[in-house]
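Novice: This is what each chain is made of:
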Amino acid sequence: MKIFIQFLGIVGIWQLGEWIHRMLSIPIPGSILGMLILFTLLVLNIIKLEWVENCADFLLKHLAFFFIPSGVGLIAALELLKKNWIPLFIIIFISTIVVMGITGKIVEKFVKD
Amino acid sequence: MLNHHFFGIIISLITFNIGLFIYKKTKLPILNPILISILLIVGILLNFEIPLESYDKGGRLISFFLGPATVVLAIPMYKQLPVLKKHIKAILIGISGGVITSISVVIALAKAFELDHTLKLSLIPKSITTPIGIAISESLGGISSIAVIAIIITGILGAIMAPFICKIFKIHHSVAKGIAIGTSSHAVGTSKALEMGETEGAMSSLSIALAGVITVFLAPLFVRIFSYFNL
Chain A
1 MKIFIQFLGI
11 VGIWQLGEWI
21 HRMLSIPIPG
31 SILGMLILFT
41 LLVLNIIKLE
51 WVENCADFLL
61 KHLAFFFIPS
71 GVGLIAALEL
81 LKKNWIPLFI
91 IIFISTIVVM
101 GITGKIVEKF
111 VKD
Chain B
1 MLNHHFFGII
11 ISLITFNIGL
21 FIYKKTKLPI
31 LNPILISILL
41 IVGILLNFEI
51 PLESYDKGGR
61 LISFFLGPAT
71 VVLAIPMYKQ
81 LPVLKKHIKA
91 ILIGISGGVI
101 TSISVVIALA
111 KAFELDHTLK
121 LSLIPKSITT
131 PIGIAISESL
141 GGISSIAVIA
151 IIITGILGAI
161 MAPFICKIFK
171 IHHSVAKGIA
181 IGTSSHAVGT
191 SKALEMGETE
201 GAMSSLSIAL
211 AGVITVFLAP
221 LFVRIFSYFN
231 L
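If you read the sequences in order, they're chains A and B. Under my numbering, residues 1 to 113 are what the first sequence spells out, in order. Under my numbering, residues 1 to 231 are what the second sequence spells out, in order.
Keep in mind that the hints were calculated from the coordinates and are not lab data. Bear in mind the structure is a predicted one, so any value in this text is a computation, not a measurement. Take the hints with a grain of salt, since some may be wrong.
[To be verified] Listed below are several chain A residues computed to face chain B (Cβ distance under 7 Å; list not exhaustive):
| no. | residue |
| --- | --- |
| 1 | L8 |
| 2 | G9 |
| 3 | I13 |
| 4 | L16 |
| 5 | A56 |
| 6 | I75 |
| 7 | P87 |
| 8 | G104 |
A virtual CB, placed ideally from N, CA and C, is assigned to each residue, including glycine.
Can you make the complete structure from the sequences, with help from the hints?
Specialist: Here's what the structure looks like:
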């Protein structure tokens, strides 16, 4: 029951984000605005961590499961994927190395011990 | 059966648990449970000629939870607040630099391979956490399923290669290693960062949501700038 009430609160924050997204017609998705709202409310101590923690732990623990259907949608893009899988893989491979390397080098320049 | 919501939900639960079982037995990053689940479902649907819509009746119910799950990504970020404050400058500059590098490299390589425009847009969120990546690929006009696959493969490669990449680029500081791994390969890479050390793990976890948020703000901007130069 407690988890369900927490869930309703989280859905409320999400819908608030979606509403702001529509009202201001900005390119930032509503769910991410919701995340920024929740973060701000936590930092300002308006929402206490305990009020949302149980439900949040549940959602985060099963996060991976929730994006399976988005991945299955690749059936609709199968032809495109078949034709392009080699360049796609090369781009993913190279960019992963470069991004990790450059990010690390930048942080090392600015980090204090 | 096929026309019921349960079909999509049950087949997702079964294949995901098969994926989890295989991953736990082998501990091989390449046998990622989500990847196994997606490929099994795609195989089943194609093999038995089941239309995607039948699966998606239940699938949409599962996808609904992506919204609330994205909202609560605020919590791991909030829990890391002391670390964030301590290294705020290095973290923000490092992650922003990484995000800009990621967008630029993807666009440049897509141009080099003469990749389809929608495919290019689908690859832009490849380094960030999946729920945010799905939202970004949709708002940029990419294909979210390709974004999901690209994100998972990026995570797997990041987890496998992290120790070598840190060695080749001579990244020694634990904070730098953690941020580099989290920014380039989200939660899947973070599993490796957690093995490398406590600081690496904490910094990598923190970078997951931050890199996602920074990408949300920078991706539309950079896509526009690059398209101005016909890239």
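Novice: None of the hints should be skipped; say for each whether it holds.
Specialist: We went through each hint and held it up to the structure:
Taking 7 Å as the C-beta cut-off, the interface hint given for L8 of chain A is violated, the closest approach to chain B being about 10 Å. A least Cβ separation of about 10 Å between G9 of chain A and chain B goes past the 7 Å threshold, and the interface hint is therefore violated. Interface restraint check for I13 of chain A: the shortest CB-CB distance to chain B comes to about 6 Å, inside 7 Å, so the restraint holds. Annotation: interface hint on L16 of chain A violated; nearest CB of chain B at approximately 10 Å, more than 7 Å.
At its closest, the beta carbon of A56 of chain A sits 4 Å from a beta carbon of chain B; the interface hint therefore holds under the 7 Å criterion. With its C-beta approaching chain B no nearer than about 5 Å, I75 of chain A sits inside the 7 Å limit, and its interface hint holds. Contact between P87 of chain A and chain B, as hinted, is supported at the beta carbon level, the nearest pair being about 4 Å apart and thus within 7 Å. Interface restraint check: G104 of chain A against chain B, minimum CB-CB distance 3 Å, threshold 7 Å, status holds.
Checked against the numbered hints given earlier, the structure breaks hints 1, 2 and 4 and satisfies all the rest.
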